[in-house]
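*Asks:* Here is how the chains run, residue by residue.
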Amino acid sequence: MLSALYAGLFYLSASILVFGVVLRMAIYARTPAPLKIAQTPAPTTRIGVFWRMLREVVFFQSLFKSNKWIWVFGWTFHMGLLLVLLRHLRYFTNPVWFWVEWIQPVGLYASFALVIGLLGLWSRRLLVERIRYISSPSDHLMLALLFGIAVSGMAMKFVARVDIVAVKVYFLGLLRFKILDLPPDPILLVHLGLVFVLMFIFPISKLLHGPGVFFSPSRNQVDNPREQRYAPRTPAN
Amino acid sequence: MAYQVNGATIEHDEEGYILTLSDWSKELADVIAETEEIDMNEEHWEVVNFLREYYEEYQIAPAVRVLIKSIKKSLGPEKGNNKYMYELFPYGPAKQACKIAGLPKPTGCV
Amino acid sequence: MASPDMDHPEGPQIVADPLKVPNLAFGAMAEIKPFRAHPNHQEPLGFPGELVGNWKEVAIEKIGELANTNRAFRVYLDACVKCGACTDKCHYFLGTGDPKNMPVARQDLLRSVYRRYFTFAGKYFPKLVGARELTKEVLEEWYTYYHQCSQCRRCSVFCPYGIDTAEISMAAREILDTVGMGQKYCNEIIGKVKVIGNNLGLQEKALRATLEDLEEDLEDETGVSVRIPLDEKSADILLVTPSADFFAEPHIDGLLGYAKVFHQAGVSWTVSSYASEAANFGLFIGSQDNMKALCQRIRHAAEDLGVKRIIFGECGHAWRVAYNFLDTLAGPFDFLDPNYPVPQHILEFTLDQIERGNLRFDKSKNDHIRLTYHDSCNVARASRMGDKPGGQFEVPRAVLRAVCNNFFDMDRDTTHESTFCCGGGGGLLTDELMDLRTKGANPRMTALQRVTEDHGVTHMAAICAICKTQFSKVMPQFGYEMDSVVSVHQLVSNAILLDGQEIDGDDRVPEVADAGVT
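Residue numbers (my numbering), protein chains in the order written: chain A, 1 to 237; chain B, 1 to 110; chain C, 1 to 518.
Worth flagging that the hints you see were computed from the coordinates, not collected in a lab.
Possibly wrong hints are sitting among the right ones.
[Said to hold, decoys possible] Here are the simulated DMTMM-like pairs of lysine to aspartate or glutamate, each with C-alpha atoms no more than 25 Å apart in a straight line:
hint, chain 1, residue 1, chain 2, residue 2
1, B, Lys72, C, Asp253
2, B, Lys95, C, Glu204
3, B, Lys105, C, Asp411
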């Protein structure tokens, strides 16, 4: 019963995540950019723009220029999250890919980085008056959600271990559309439940900044209006 | 929004520029100058008169430089300069003097 | 060199930090707003004269239209995570402390309404995500705070996603125009350009008289007949410059500089009375239709006069529009000489002439000036000069160094792409906003005071008509003279040596190179 419920939630949230994000990206791609609005100095070639985006996405270059505290916490959080997510690939691959195997210990420490980053961002949101002013309840809830996911995940590793082999079997089953038994461990259920919530809300929330950053015209446009006439297709109404 | 001159009501915009240019009179100029806290003397009138003459010919106020050149001719170099113009009209010869002369406000990046 | 502080007997000024973050001052600027456009300003632009009865439907429909036709608008409204990186980057926030002048808070005024009507979360959980109904109070709030943004893009430089508040502010103004709540200053001016050809309303006869007058001045000054041609068919170059260059100080001195450079370079050029305006306030109100109409006047003039090249004078947002949008909105310009970029900036032309060795200078003519340079926001963050990224910073400085011995840059955090707006950009250069303009100029003025303190800087050069006017109005409040702001080509004009020019009485410019090297 529990296994079936979680299987249902898994399929549903994964579909919403994938279709939602794909739909959003399709909308962004379809919406015309009627004019050149590159934020200069900007690269004058496509390759240059690729490197600019890479520096933004990997190193958060602009954020670094802007505010070192937000950068430290934001970058720590995101890199921690990335490693932790990659580490979780072992639950969905059999045999586990060699590099996923390789990052297992790193991913473990990354979970601490993730939590430290989160708490840093959250404390700024609470303590810095300017940022408190611009925060909505959802901004706090989002942090709470991520915090809950991180702490419940770490609890299973460091406090009350669960039968991760059974968890892996369950998820490998789901990938083949077979519903096997999920260990009824309360922390695990909380962890998975929160992850499903995160996947549900991803396409309808500010988490869209992930895909959105690639569509930002001020960053992804080539600065070459005099070299090459910019004549985008007319707006589709 | 209006000035009262000799019992007549003369409408102006948000900033005190009169709406109908033909409503202007010397008495009105004195009234506007009073609201601008300017005590009209001979030099003020020299500027106002030049602005009106120029406007009549060109439908616009002159460039500050052209105004100053003309004042230099009539009042001498010690008065024909930007600094003196701002002493006469602290909010700028182009804008404040135009208001008193009953001309529209110069628009744009000026 | 006399420091401006000498005029302030109250003692040595303590020069503050231009980046200092103020305490929040809630509602500090809530009452500051520009005059509303009258029906006769609205209608020629294609906008309703007064607030329409069904303003709510019209505004919401317009938001939807913008979301479907402008990728920046949609992505920027969706992507913000409220990280706070932009909160201390706006000069109006730094100058006023009003939290609604923080870029993200300014965006949120519109984002909250977009969320309410166009997102799932906003429709069903408005409180949770800070979504709100569109009401008349919201419209008024938009009118107030979207006219406290100079669309300078400084915030976007520091945003991890490049979210540009300028785009949101332009969109908001377009929505306001669409429901009949336009701003008088911008809309009256756009109307004048559409009818007369320039912001001032300077007609051909007056323009001709002004230019002839200036030619006289030039001949008196130099002894050389330097022309400022108007409507001359088949000239090689059409100069499109802000009409303030025909009218205001120190703008006119810049125009005289262009004329001298063209003269010495030996090129034929002309001003057009039909397209006698570089400025394009259609940008400020986010109206592509109006921006296009103004761009097309320039194309029309270029075709009509049969020129080969188009060069723009010193004007910040005009260069943004010309550089980025002119070809898209009024191109292709295949009738022009393909050997030159379309358009060119006057500084590109002048630097090229300097590098070719066609211009000679007596730099000592500018020795009474200790100079710094204000990067105009639109040039710095929304355009380029020359071939390489960042040329918009290097080209003006190269020209200044060629004509002036004493040049000092302000703090790097306040120049180049991090430059501060003058405080009067984006359609805010109007008297009723003087309080906002003065407060918004504070960060730039503080940075200037620092180089005055450290290097005895007396003057600041700018390449934007708005910057020049704004600074000449606000600088006296910061201990400077109103003529402490100068045109870049004014300094070129001071130092350039024309062939046959009189120097010190009867002497003529000698035929020796590098007269300016001392």
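*Asks:* Run every hint past the structure and note whether it holds.
*Replies:* Here is what the structure says about each hint:
no.: 1; hint: Lys72/B x Asp253/C; verdict: holds, 19 Å
no.: 2; hint: Lys95/B x Glu204/C; verdict: holds, 22 Å
no.: 3; hint: Lys105/B x Asp411/C; verdict: violated, 38 Å
Hint compliance for this structure: hint 3 alone is broken.
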